[in-house]
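Number of protein chains: 2
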Amino acid sequence: MDTKAKNDTKRITPPHFMLPVEDYRKLTAPESIALLGVTRRTGKGSNNPLEVLLEWGYRGRILPVNVAGGEILGYPVYTSLLDAPEVPDLAVICSPRNTVPEFFRQCAEKGVRIVIIVAQGFTDGDDDGVAMQEDFLKLAKEKGIRILGPNTLGVVNNFNSFCTSFIGFINPLAPVGVLCQSGIYVVGNAGLMGGTGLCIDPGNSADVEYAELIGHMARDPRLSVINIYMEGVTNGEKFMEAARDAVAHKPVITFKIGSSPAGAIAAGSHTGSMTGEDRVYDVAFRQCGIIRAETTDDVMDFNKTFQTFPGIGGNRIGVVSISGGAGIIAVDAFARYGLQVAELSEATRKAIADLSPDWFQVHNTIDVWPAAMKYGYPEVYRQTLSALLRDPGVDAVICVTGSFLESEKDFIDVSGIIHEAASEHPEKPIVGWTYGGRWQEYIAKLEKEKNVVAFSSLDRAVKSLAALYHYHHILQPRAEESLSAFYGKNPCLSLPAAGKDALELISHSPSGFMTQEDAFTLLESYGISGVRREKSENVDAAVAAAERLGYPVVLKISSPDITHKSDVGGIRLNIPDAEALRQACAEMLASVRENCPAARLTGFLVSEQISGGMEILLGCKRDSQFGPVIVFGTGGVFTEIYQDIALRIPPLDSDEILAMMDETKISRILKGYRNVPAVDIPGIVKVIMSFSDLVMNHPSIQEVDINPLLAQPDRLVVLDARILLG
Amino acid sequence: MDTKAKNDTKRITPPHFMLPVEDYRKLTAPESIALLGVTRRTGKGSNNPLEVLLEWGYRGRILPVNVAGGEILGYPVYTSLLDAPEVPDLAVICSPRNTVPEFFRQCAEKGVRIVIIVAQGFTDGDDDGVAMQEDFLKLAKEKGIRILGPNTLGVVNNFNSFCTSFIGFINPLAPVGVLCQSGIYVVGNAGLMGGTGLCIDPGNSADVEYAELIGHMARDPRLSVINIYMEGVTNGEKFMEAARDAVAHKPVITFKIGSSPAGAIAAGSHTGSMTGEDRVYDVAFRQCGIIRAETTDDVMDFNKTFQTFPGIGGNRIGVVSISGGAGIIAVDAFARYGLQVAELSEATRKAIADLSPDWFQVHNTIDVWPAAMKYGYPEVYRQTLSALLRDPGVDAVICVTGSFLESEKDFIDVSGIIHEAASEHPEKPIVGWTYGGRWQEYIAKLEKEKNVVAFSSLDRAVKSLAALYHYHHILQPRAEESLSAFYGKNPCLSLPAAGKDALELISHSPSGFMTQEDAFTLLESYGISGVRREKSENVDAAVAAAERLGYPVVLKISSPDITHKSDVGGIRLNIPDAEALRQACAEMLASVRENCPAARLTGFLVSEQISGGMEILLGCKRDSQFGPVIVFGTGGVFTEIYQDIALRIPPLDSDEILAMMDETKISRILKGYRNVPAVDIPGIVKVIMSFSDLVMNHPSIQEVDINPLLAQPDRLVVLDARILLG
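Top line first, the protein sequences correspond to chains A and B. Quick note: the first sequence uses my numbering, first residue 275, plus one each step. Quick note: the second sequence uses my numbering, first residue 275, plus one each step.
Each hint should be verified, as a subset may be incorrect.
PhoX-like mimics (lysine-lysine), calculated; alpha carbons at most 25 Å apart, straight line [what the hints assert, rightly or not]:
#1 B:384 to B:412
#2 A:648 to B:412
#3 B:417 to A:318
#4 B:384 to B:417
#5 A:648 to A:683
#6 A:945 to B:939
#7 B:318 to A:683
#8 B:384 to B:415
#9 B:945 to A:318
#10 A:939 to B:384
Honestly, the hints are just simulated from the structure, not real lab data.
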């Protein structure tokens, strides 16, 4: 089933912005390469990329360039690329930053199409560096040159024995495609990922970016998994489209650094203050099906798991263990990672009971020790494992073994038994945990046949199995569905006719908060109803408005300068009659003038008092990488106390909106909870869809807080809204 | 400072229930040992404890007992212990369970004081096993015998070459004391803890339990850290007292299994349903200062960290790294685990800037690579590390190194430089992360001098450093303070005079929920005020009561059988006048009779309507191990939606109560938030103290929900309370 799914995805149309095939070929498997500014030093610590290239056994043509000319390692050196006898597929500028402009000029003049710039000190350095980067980007654009870097080790293609790094690191071959923005992953691959097949480091990503490369790795049959080491993306929308496409083909595991910005974020809205950068990346990853690694250990563990097992039938896991305690540890980990212990069939339980002492209680996780004392350890382990693998209710098995005996006394080595079982049941992953002083040796032993993976802790074993399940049963199917259905369409719906006038509001508003009245008008043009209300310039007008609306009413101060009205006495609820209203007006003016003496006051807003209903927050924040991010959750005065929110990056279909709502605690109440009646859920979905269109249609909207959106069984109404333009 | 603190703690009085010194000596370092039921088989897979004992080099006298007599491994075998020439310090019954009663009888008759029972199949087996365990416990009590086990590997004393395990595992010596209830930790110690000094396995803990043993390990100068592998404790109060005492001496790291009970807990109160067993263990551990390991990797990592570093000055951590990316990964991990990146002094920043290229920006985490390209890697690493260690604003340093070069080309090996720096600054821990294909080799290299620890991931490195900081600066000081001040006193305050009558309520109530009226009376006897209210048998009485209380009023149904009144229409708020009240009574009766036809109705409860204020939950659940557990948090209809609660096990002083309140989100509101005024916080603390006395004074109270406790700026009042007796 999994294999079939993979073949089907081959038909997926690649993103239109993917790097052209010929450019990608020149970058990753060039027939000729120029090394501009290559050092003349060789040997230990010389960091000579020519030496590395030769050691790797690169078989293309090499054109070294160094102003001093002469010869390096037997290769004639050109004093300028212009003297070289051919236009190389790829040029690598591998000298310090001050020499980069001249070498880049030579590349442009020679007609090179792909250039890697290795040096540091551009946007990662000082202002001079930033200016230099702008200059060569401008020239590149004019000449149609594509740049990888700067601040990069370039490309490592283990299939073609090709490597542009100036450090010749330990480099085992593995079916892993890697995109990374730091040398740490390139050179550390053996320890951090277990090896690589193809590794591309865009460094500062001044030009070529992840989104252009990942589709190629997704379609490369030599790679079974993609790793991304990310500092940040330049274009979130493109990245998400590319990642979704890749996830439909194979697992994408991302380790994102910078999850903890040092400073707090200053923001003008609840939405802004609750949606830090990392939270936006997190939801973007989840929406496109990327598996986010929390640590580098996760990357290593998930890689070997995906390399070893083509799929998994479900999340029901059997446990065979040398110890009863390990079974409980496993069940604890299942709960953490969304797996479940397999309910064993009657036949399996009987097979195990027959092996065991009379007093033994057969649990769903099997402790083989009591039976082993009777029938001998290896035989009991073999029969138990076999019974579990034959059980149709078991999708995978965790084998716990001991590695605590010295080799000459080791009567509990069951590696061979486990390998045999794995080869008989290739459809059911077997994952090992081994504990004891010889754990490292035993992990190697268990993994020798490449049909089992093993770990130093049960937590890591279970987490890896969970990633396998999650990818095959949730992430990949969802990515495929998204590509074929909703996300291929134009994301923005057409602006409703009534909205045409409202648009004027935005185009004529200066940056800053819209007045509340304008915000209501804009929302209503998208069919999102505001409370019945009237703007009044003075107290008499307010009283007249209240007569029309009907008491009780709500009174608010109207001012373009006050964002949190309730903090300054700018809101009064439940005003029963005209007398009370006049008094409230007077008190409000006094309070606001005292608290915000500089605020411009433009009168009062009088609105109907609505009682009952649940207070919802519906917000949006424009992220610099990913564009608008929709926020839904608990609203009202306690919004930031409970921080009960869920995020999504639009466009959104109704399933996605319902999933977003289900992530919040308040959704349990909205569906009807104890004596609180259910509200109009389909109505909320519709409002969120319209809201999503609104923020996508108007790029000048920076932040929106609709708070509260009051939800009643038969009515949805905006009581307050703030919209920040920029 | 840390050394001083440790010496002071030596004066702490040990818990009175600690195992007598002579019994502990006989258990862990016996001069003679009897092996009852020892097998005649020897060699690989024979599981012969006599053979293990000899291999370990035990130097005491050994008395093998086996009904067949003869000789094993050169030792004469007695057919009965009664034939042995001496009373051994320790007897180990190491045969299957059916033979245990007879051997135990022999021990009793011979006058043995300490017996280890190895066999499985007692409370861990079937009903027969449970009965057998009861029998030998009874005999033990009569004869004053102490039992370790059953279902245990016994004792492993690496200092005295003594081991009762029948499996002779790999066993490096380390200053680690271990208490464990499963063989998994005993035999796997090298892989799970890095080795042990002294290990005691109480197995099923039928008699000797953790609380009696831990104080000895705390006072053993050969041990620098204590590990506990826990399935559960038998007496929570004793365990907490013993653990607090131990934490004052040295770090106690606990790995608790069974965090995920398979089934949901059925409970009659919010408090009951939100406080699962694992959550109670968790708060117990935190209250006595135990470090809870989430995985076995944590145990291993924390052990080696505590063994290597006697202390740490604070939580400001410097980072020296071969890669800029690693610095960001470290800062992410600091945020996760409560550390912070050190702000470098001007002198340090200048020293680093002087080494680096002009364009280089000195951040708080130092990427040495750009400077290394100029001055040579090892020298730059040395100078940077030295500058950080001299900086008074740096408490510890994380060194990131690469292990990705083949040995003949390795110019980045700085292990020697790091060792030198560590020996010059023993007061500042240095923790390493090394990445690359040779990471295992490099960890060993970095740890060779035993003055540095290193890890396979930065996450693990930072988590371990955080445990070190947390123990020395928070857990140990708090444990010492607790022992010397509050917790030594009698926990229960005296019952207030007015409470004497209220006590009758409890002693005469059958099991089940108290009526609400009785619950109010009991609370008020402890000074916890209920809302002004009157019980009324019929509608006319209700109207009369309302006149006395003043409108508006609240009407509730009175019934011993209805626990969630609002679910069945049994509560009506804000009733403005007599007419509305009569109607509400009629509607309520109809609704309740429809929803709960079997409920006994005892009239109405009319009470004053109080508006405004915050709704708090104050609850208690009696845990079978730890006794009463106090719960504080968000109350009202959304209690279980937000599950915003904190737990504590009493007795509680006001600091502990404030700390509990601060763990909840609602506490931010209670202190005054935006336009919500602050409530009477000292009043709440007083209420919680009285509540704590109440539940400690009355063991028959099983669960309490005070929900809501309404908090206003000048008033605290219970609106509803349910008390379950049992």
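> Does the alpha-carbon distance linking residue 417 (chain B) and residue 318 (chain A) stay inside the 25 Å limit?
Replying inline: violated (76 Å)
> Does residue 939 (chain A) pair with residue 384 (chain B) here, judged by a C-alpha cut-off of 25 Å?
Replying inline: violated (65 Å)
>> Tell me if the straight-line CA distance from residue 318 (chain B) to residue 683 (chain A) falls inside 25 Å.
In response: holds (5 Å)
> Can the restraint linking residue 945 (chain A) and residue 939 (chain B) be considered satisfied, given a maximum Cα separation of 25 Å?
Replying inline: With Cα atoms ~24 Å apart, residue 945 (chain A) and residue 939 (chain B) stay inside 25 Å; holds.
>> Tell me if the straight-line CA distance from residue 384 (chain B) to residue 412 (chain B) falls inside 25 Å.
In response: Roughly 17 Å separates the two Cα atoms, so the pair holds.
> Is the hinted pair residue 648 (chain A) and residue 412 (chain B) satisfied, with a Cα-Cα distance of at most 25 Å?
Replying inline: violated (30 Å)
> Given the hinted pair residue 648 (chain A) and residue 683 (chain A), is their alpha-carbon gap at most 25 Å?
Replying inline: At roughly 19 Å apart (the allowed maximum being 25 Å), residue 683 (chain A) and residue 648 (chain A) satisfy the hint.
> Is the Cα-Cα distance between residue 384 (chain B) and residue 417 (chain B) 25 Å or less?
Replying inline: Given that 25 Å is the threshold and the Cα spacing comes to 11 Å, the pair holds.
>> Run the distance test for residue 384 (chain B) versus residue 415 (chain B): straight-line Cα separation, threshold 25 Å.
In response: At roughly 15 Å apart (the allowed maximum being 25 Å), residue 415 (chain B) and residue 384 (chain B) satisfy the hint.
>> Does residue 318 (chain A) sit within 25 Å of residue 945 (chain B), going by the straight-line distance between their CA atoms?
In response: violated (64 Å)
Hints 2, 3, 9, 10, counting from the list given before, are not met by this structure.
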